[in-house]
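Chains as they are written, first to last, in the numbering used here: chain A, 264 to 555; chain B, 204 to 365.
What the hints contain is simulated information worked out from the structure, not anything from laboratory work. Every residue gets a Cβ at the ideal spot worked out from N, C-alpha and C, and that includes glycine. Check each hint, because a few of them may be wrong.
[What the hints assert, rightly or not] So these bits of chain B aren't anywhere near chain A, every CB distance computed over 12 Å:
no., residue
1, 218
2, 243
3, 286
4, 292
5, 297
6, 308
7, 324
[Unchecked claim] Here are the simulated lysine to aspartate or glutamate pairs, DMTMM-like style, with alpha carbons at most 20 Å apart:
no., chain 1, residue 1, chain 2, residue 2
8, A, 292, B, 226
9, A, 292, B, 331
10, A, 292, A, 310
11, B, 349, B, 331
12, A, 292, A, 424
13, B, 349, B, 360
This is what each chain is made of:
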Amino acid sequence: MGPRPFRYERATSVAEAVERLRRGGPGAKVLAGGQSLVPMMNLRLVEPERVVDINDLPLAHLRREDGVLVLGALVRHHTLEESEDVRALCPLLSEAAAWVGNARVRSLGTLGGSLAHADPAAELPMASLALDAELVLEGPEGRRTVQAPEFFRGSLATALEPAELVTEVRVPVREPGEGWAVEEFALRYGDFALVAAAARVRLDRDGRVAHARVALAGVGATPVRARGAEDRLTGELPDPDRVEGAARAAAEGVEPESDPHASAGYRRHLTYVLTRRALERALNRAREGGLL
Amino acid sequence: MRERTRVSISFELNGTHRHLEVDAHRTLLSVLRDQLGTLDVKEGCDEGVCGTCTVLLDGRPVSSCLVLAARLDGARVTTMAGLSADGRPHPLQEAFVRHGAVQCGFCTPGMVLTAYAYLRQHPAATREELRRALAGNLCRCTGYAKILDAVEAYAREVSLGR
Chain A
264 MGPRPFRYER ATSVAEAVER LRRGGPGAKV LAGGQSLVPM MNLRLVEPER VVDINDLPLA
324 HLRREDGVLV LGALVRHHTL EESEDVRALC PLLSEAAAWV GNARVRSLGT LGGSLAHADP
384 AAELPMASLA LDAELVLEGP EGRRTVQAPE FFRGSLATAL EPAELVTEVR VPVREPGEGW
444 AVEEFALRYG DFALVAAAAR VRLDRDGRVA HARVALAGVG ATPVRARGAE DRLTGELPDP
504 DRVEGAARAA AEGVEPESDP HASAGYRRHL TYVLTRRALE RALNRAREGG LL
Chain B
204 MRERTRVSIS FELNGTHRHL EVDAHRTLLS VLRDQLGTLD VKEGCDEGVC GTCTVLLDGR
264 PVSSCLVLAA RLDGARVTTM AGLSADGRPH PLQEAFVRHG AVQCGFCTPG MVLTAYAYLR
324 QHPAATREEL RRALAGNLCR CTGYAKILDA VEAYAREVSL GR
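Bound conformation, chain A alone (with noise of 0.2 Å):
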């Protein structure tokens, strides 16, 4: 059937996308990947009057800023997964990258536009919160920064304002003794995850844990930081009953809700499985060195 037809229109700065999008008030939509909108328009459910495509903005940068790796907006899927860069500087980043969609959605669909559509099950929204991940939005008041966990406020509901865009992301570059890793279950391999678990931790010389970061997605209408798992993990030996403890109270700290797919307490037990496996995982690797 195809979308309905709208006035398209090429932005080529920042400014001029946000002007466009301004004067076409709340019947213009952003086009960056596509891989939300497009089918969205294609089922008729979303029926813009205007679409501003945004994909000739010079916003597909990688930059290291000292400790801190600058992703422009429009970076796709498949260089998250890719990027030598990413994959030394950021890997929970593109381990995230390879769990979302198929690799049709991995070659056109961007990092901002994943955050921006704010899915609940989606992974990089997920992965943004366990990497503390600054988001730069630029709009018709200019440009301010939100943290990770203040930029998603509901299902497909950001702290965007009308005509903002998200321009940057900036997380923290890994750190020596970082361990990360990403679980994830789905009906099929590529769906939407019913539960996914990203965890990064960082253990001191003596072997305690200096910083944890669990996040879930899957469960809730946002995705979460599973603050409880994270405050029983740090300052402590990560022993095999820690991260039992920690998983549990992972599982504990969720309200997930029942649909077709899976029930609420369904969703809470892979909450525990998928956390422990990802602690676990993590642990490894920050035992290892955090090397690859």
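Given chain A, work out where chain B should sit, using these hints.
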């Protein structure tokens, strides 16, 4: 401001230069099939999950139903027909025939292109890796085993230098 509902695009389709005007809301799938008669591209789900409309865009697999044709200017598009040379099927297509990997044939172009693109990047792929690479392409006939047999056999031919 002038309404832009028509867009002029120049792109390469299977090695041939094309220049045409398209409706801005048309997808690449619709332009390929309805405007250019490229019928080896199949329309399936229209939401990017079945893989039958797969084409290569600048060498990477995409769902042509999820690409706006207006974005095609300057691009290189390859459909399954573009893999064959001098009227002969590509060796990967021959492997599909040899292994009985084609039943109704509807998923075949998408399967062939997905496997072709993946093997160019990962020539030493294992069967398990091939399973994952093809996971986004659905087949309702074969049960997948013969498709994997065909792709694996072709991969071995390539890695042996054929």
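For each hint, the structure was consulted:
{"no.": "1", "hint": "218", "result": "holds, 20 Å"}
{"no.": "2", "hint": "243", "result": "holds, 17 Å"}
{"no.": "3", "hint": "286", "result": "holds, 17 Å"}
{"no.": "4", "hint": "292", "result": "holds, 23 Å"}
{"no.": "5", "hint": "297", "result": "holds, 23 Å"}
{"no.": "6", "hint": "308", "result": "holds, 20 Å"}
{"no.": "7", "hint": "324", "result": "violated, 8 Å"}
{"no.": "8", "hint": "292(A) - 226(B)", "result": "holds, 18 Å"}
{"no.": "9", "hint": "292(A) - 331(B)", "result": "violated, 39 Å"}
{"no.": "10", "hint": "292(A) - 310(A)", "result": "holds, 9 Å"}
{"no.": "11", "hint": "349(B) - 331(B)", "result": "holds, 14 Å"}
{"no.": "12", "hint": "292(A) - 424(A)", "result": "holds, 13 Å"}
{"no.": "13", "hint": "349(B) - 360(B)", "result": "holds, 16 Å"}
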